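Protein chains in written order, with numbering that gives the first Met the number 0: chain A, 0 to 97; chain B, 0 to 364; chain C, 0 to 462.
To be clear, the hints were calculated from the coordinates, so they are not data collected in a lab.
A quick note: this is a predicted structure, and the numbers were derived from the prediction, not measured.
All C-beta atoms in this analysis are idealised placements derived from N, C-alpha and C, irrespective of residue type, glycine included.
Hints should not be assumed to be uniformly reliable.
[Claimed, not checked] Listed next, the stretches of chain B that the computed footprint assigns to chain C, with coverage defined by at least 3 CB atoms under 8 Å from CB atoms of chain C:
no., segment
1, 149-161
2, 172-179
3, 282-293
[Stated by the list, open to error] Quick list of simulated restraints, FRET-style, between CB atoms:
no., chain 1, residue 1, chain 2, residue 2, range
4, B, N128, A, V88, 30 to 38 Å
5, A, R84, C, R64, 25 to 33 Å
6, C, D370, B, R26, 45 to 53 Å
7, A, R84, C, A363, 39 to 47 Å
Listed below, chain by chain, are the residues.
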Amino acid sequence: MNNALPFEDLGEGRARVAVSFAGQELRLPEGANLAAALLTAGITTFRHTPASGAPRGPFCMMGACFDCLVEVDGVTRQACMMEVRDGLVLDMPQAGER
Amino acid sequence: MEADYTIIGGGVVGLSVAWGLLNKGRRVIVLDGDDGSFRASRGNFGLVWVQSKGMAQPRYARWSQTSAAAWRGFADTLGDATGRDVGLEQNGGYDLHFSEETLAARVRDYEGLKSKLGGDYPYEVLGHNALRKEEPAIGPKVVGAILHHQDGHANPLRLLKALADDVRRRGGQVLTGKMVTDVTKADIFTVTSADGTVVKSAKVILSAGLGAMTLGPKLGFIAPIRAQRGQVLITEKLPKLINRPSLVARQVDEGGIQIGATNEEVGLDDRVTQPGLSGLAAEAIAAFPALARAQLVRSWGALRVLSPDGLPIYQQSEAMPGAYLVTCHSGITLAAAHATLLPEWLEGTDKAPDLEVFSEQRFAV
Amino acid sequence: MARVDLAIIGAGPAGMAAAQFAAGKGLSVCILDEQPRAGGQIYRDVDRVAPLRGDLLGKDYIEGRALTAGLGAPGITHLAGAVVWAIEEGPRLAYTQDGKGAVIDARHVLLATGALERPMPLPGWTLPGVMTAGAGQILLKQSGVMARRAVLVGSGPLLYLIAAQMVRAGTPPLAMVETQTRGDFIGALKHLGGALRGWRYLLKGLGLLNEIRRAGVVRHTGAHGIAITGEGRAEAVKFTAKGRAHRIGCDTVFLHHGVVPNTQAARSVGVAHCWNAQQQCFVPELDGWGATSVAYLHIAGDGAGIGGAKVAALAGRLAALDIAARLEAIDATVRDSEGAPLRRATLSELAARPFLDTAYPPLAEALAPADKTIICRCEEVTAGDIRGYARLGCIGPNQAKAFGRAGMGPCQGRYCGLSVTQILAEENSQSHDATGHYRIRPPLKPVTLGELAAMDDAPEAAE
Numbered sequence: 000m001n002n003a004l005p006f007e008d009l010g011e012g013r014a015r016v017a018v019s020f021a022g023q024e025l026r027l028p029e030g031a032n033l034a035a036a037l038l039t040a041g042i043t044t045f046r047h048t049p050a051s052g053a054p055r056g057p058f059c060m061m062g063a064c065f066d067c068l069v070e071v072d073g074v075t076r077q078a079c080m081m082e083v084r085d086g087l088v089l090d091m092p093q094a095g096e097r
Numbered sequence: 000m001e002a003d004y005t006i007i008g009g010g011v012v013g014l015s016v017a018w019g020l021l022n023k024g025r026r027v028i029v030l031d032g033d034d035g036s037f038r039a040s041r042g043n044f045g046l047v048w049v050q051s052k053g054m055a056q057p058r059y060a061r062w063s064q065t066s067a068a069a070w071r072g073f074a075d076t077l078g079d080a081t082g083r084d085v086g087l088e089q090n091g092g093y094d095l096h097f098s099e100e101t102l103a104a105r106v107r108d109y110e111g112l113k114s115k116l117g118g119d120y121p122y123e124v125l126g127h128n129a130l131r132k133e134e135p136a137i138g139p140k141v142v143g144a145i146l147h148h149q150d151g152h153a154n155p156l157r158l159l160k161a162l163a164d165d166v167r168r169r170g171g172q173v174l175t176g177k178m179v180t181d182v183t184k185a186d187i188f189t190v191t192s193a194d195g196t197v198v199k200s201a202k203v204i205l206s207a208g209l210g211a212m213t214l215g216p217k218l219g220f221i222a223p224i225r226a227q228r229g230q231v232l233i234t235e236k237l238p239k240l241i242n243r244p245s246l247v248a249r250q251v252d253e254g255g256i257q258i259g260a261t262n263e264e265v266g267l268d269d270r271v272t273q274p275g276l277s278g279l280a281a282e283a284i285a286a287f288p289a290l291a292r293a294q295l296v297r298s299w300g301a302l303r304v305l306s307p308d309g310l311p312i313y314q315q316s317e318a319m320p321g322a323y324l325v326t327c328h329s330g331i332t333l334a335a336a337h338a339t340l341l342p343e344w345l346e347g348t349d350k351a352p353d354l355e356v357f358s359e360q361r362f363a364v
Numbered sequence: 000m001a002r003v004d005l006a007i008i009g010a011g012p013a014g015m016a017a018a019q020f021a022a023g024k025g026l027s028v029c030i031l032d033e034q035p036r037a038g039g040q041i042y043r044d045v046d047r048v049a050p051l052r053g054d055l056l057g058k059d060y061i062e063g064r065a066l067t068a069g070l071g072a073p074g075i076t077h078l079a080g081a082v083v084w085a086i087e088e089g090p091r092l093a094y095t096q097d098g099k100g101a102v103i104d105a106r107h108v109l110l111a112t113g114a115l116e117r118p119m120p121l122p123g124w125t126l127p128g129v130m131t132a133g134a135g136q137i138l139l140k141q142s143g144v145m146a147r148r149a150v151l152v153g154s155g156p157l158l159y160l161i162a163a164q165m166v167r168a169g170t171p172p173l174a175m176v177e178t179q180t181r182g183d184f185i186g187a188l189k190h191l192g193g194a195l196r197g198w199r200y201l202l203k204g205l206g207l208l209n210e211i212r213r214a215g216v217v218r219h220t221g222a223h224g225i226a227i228t229g230e231g232r233a234e235a236v237k238f239t240a241k242g243r244a245h246r247i248g249c250d251t252v253f254l255h256h257g258v259v260p261n262t263q264a265a266r267s268v269g270v271a272h273c274w275n276a277q278q279q280c281f282v283p284e285l286d287g288w289g290a291t292s293v294a295y296l297h298i299a300g301d302g303a304g305i306g307g308a309k310v311a312a313l314a315g316r317l318a319a320l321d322i323a324a325r326l327e328a329i330d331a332t333v334r335d336s337e338g339a340p341l342r343r344a345t346l347s348e349l350a351a352r353p354f355l356d357t358a359y360p361p362l363a364e365a366l367a368p369a370d371k372t373i374i375c376r377c378e379e380v381t382a383g384d385i386r387g388y389a390r391l392g393c394i395g396p397n398q399a400k401a402f403g404r405a406g407m408g409p410c411q412g413r414y415c416g417l418s419v420t421q422i423l424a425e426e427n428s429q430s431h432d433a434t435g436h437y438r439i440r441p442p443l444k445p446v447t448l449g450e451l452a453a454m455d456d457a458p459e460a461a462e
């Protein structure tokens, strides 16, 4: 694992499955918290704000701040309230992307 | 404190009138309620709307058209003065229909009104396919729409803020947190608020929305006003989905889609209900199926300020001459008329519009 | 559909303790929680994680299993992943679970939705890589994820716990930038009596401080003038301490200056709140059992007032007793006699609070942020914007919301509400109570229009 990444995983021995985020192919621990898994994979910007295009990532990790929004099947959801599953296709919420 | 006019109520109606009076060189003091007051100015749908108004009273259709025509100039003047864009778009608006029968019935009504207005009622009927060209996101259940070219929408909160800003800039005094409790008249009026503030003025305007129910009789008005609840939804910000507004849904300039509204007689209850929200969501999805995936972020119950026939009331008090009741349920549409024409009527100039049909005597039978 | 006796929102210590106690008195209980597994935030995912990382996280965390085990009692239905978005008269809760909307009717409702981190607006706090200390805890607890190059900023015992856990995990924080001053400590000494009665807490705290010291973690105290800098993500924390300017390069910043009750659900049904000067936040107005001004509603746990996990569990039991008495499952004498020891235990657990609240106060510059600092993260409204609205006549947050969209974003004011109230109170020279708070309305959490529409005329939720 690249030592430069901001987060490391103590490891729980979960199998890794294919997840794509904004076109980037990742392998994340199945069943893990999605926001935590994306952070560990080095994704720190999850979206851009609709108001100014500023980059945002997870802030509260408890479903209260809505900064970790991702788009799944056209629906905007909080990544910190989701779990990794095989074949998940994620995007940045379209309203913030110009 | 003294002024030419005390304006009770600092919402869109009160501030529009204040603005216009200030432009005529009058001294104005606006008394506005507190943070928790019912404020139709904050809860409305933002439409600048002509169609479907005045079906039973063509003069109201005409008044709405006059205001809509004056809106661009009003917005530009406000914008130049404050640097604030109130987001006016006047590219037409829809009356959406889910059945051929209701569409046809509406067209018949509009034709009738059009002839009473001397032909000045520019609308066209779009069948489903023609509507799809204008609104790619429209759903298959929408059989067609009436597109009225004098309709549009604005950002009502930016309008409110621009008015609040410009009224102060033009020398108007706006006092907030003032709940008016009493108005008496000797030579001039004395207006007293709950916290002891006293304002004296030659004239008083009651533009306090639902507040007229209690204050109106004190000023000698019938003020037959009632609240009618409209539950409104607003979604998360979305990429552009809806081009023109309708009463079902409009996309606001910041990107969220506003969906309205119920018509409930529940008194002063501004809460929302799950059945209310679910029904509105279902209708919005029927009109624009892509909305099924949109997240609802906010909802509220707005209390419309309604007279018995839904038309405005412009009335000078007979018991207390110099006191005026100004109330309506289309405060956004009529903001331009309230800012540019109503002050002429209040001042009794020769430019005063004829507002006789809006007197409250029409209710005294 | 049958009405459940008690619907509980939140499966943290207060909710879990209440559920078990209420079921023990014969009430039918449904506990709804938005997380996939019970525990709330403090015992997040404890059943799964205790065997994996329990030694690292400590005894106080592992203890949560006693409460999660209690949810297995007969008479309790635990709806996991159930996100409540509205509470209506009835009472009736509307929620979504697995992408479907449903309703549940109850005779009584207990809110146990816990606390939120107090908002800490600082320059750069919206950059990716800046998170709450609570978020850091959750990453470690639930996911075993550590920040390699993190700085902890703020004040309060939670920072010491996190630092100690990071030390144990082998990734100590780069530094702790603590904002409490010696003056704060001296001011707290008048509460020393209480602190000594709560000596267990103090001892724990001293133990953590010792662990951090032995690990050589750098601590700066009395820090102020704090800013987080970086291009597109957090890259450094700048601050002044002991008269010197500092800059610490980092990838992650964990912020904390106390937690405050999460009042969203309570406000949405009209529960009255008042300002608590000691804890610098709004708390619901409750009687000694947690009953509110709303006839069908009790509140227990940190959502009622900050007290920590043990106090939350005690409050959950007290509320359950009162609710059981109101629903006539027990009589008032039983309620009072069983409640008395719980109350005594609560007072004992709360003894150290005044000392801690005074020794580790909220950061003044975050309560009065500079004009350019964003205070509404969702809509990117700044403190200066709010001050401008005050000058335009906004005497309360609802008018400010109308003027500037602060509070209109998806978080619905959870992370800006207190800031806006604070700024307006100061600009208008009014008390916090007079200034008020945002009006909160459904949906408490987003629900898709499709999920909403499907509830239209749908049959009521399955038993």
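Worksheet item: Does the Cβ pair R84/A, R64/C satisfy 25 to 33 Å?
Response: holds (27 Å)
Worksheet item: With a cut-off of 8 Å between beta carbons, are at least three residues of the segment 172-179 of chain B near chain C?
Response: Contact hint for the segment 172-179 of chain B vs chain C: holds, 3 residues under 8 Å.
Worksheet item: That 39 to 47 Å hint for R84/A and A363/C (C-beta), does it hold up?
Response: holds (45 Å)
Discussion item. Does the beta carbon distance between D370/C and R26/B stay inside 45 to 53 Å, or does it fall outside?
Written reply: Since the Cβ atoms of D370/C and R26/B sit about 33 Å apart, the hinted range of 45 to 53 Å is violated.
Discussion item. Using a Cβ cutoff of 8 Å, are there at least 3 residues of the segment 149-161 of chain B near chain C, or does the coverage claim fail?
Written reply: Coverage by chain C holds for the segment 149-161 of chain B (3 residues, Cβ < 8 Å).
Worksheet item: Does the segment 282-293 of chain B contain three or more residues whose Cβ lies closer than 8 Å to a Cβ of chain C?
Response: holds (count 6)
Worksheet item: Could one say that the CB atoms of N128/B and V88/A fall in the range 30 to 38 Å?
Response: At roughly 33 Å between Cβ atoms, V88/A and N128/B fall inside 30 to 38 Å, so the hint holds.
Violation of the numbered hints given earlier is confined to hint 6; every other hint is satisfied by the structure.
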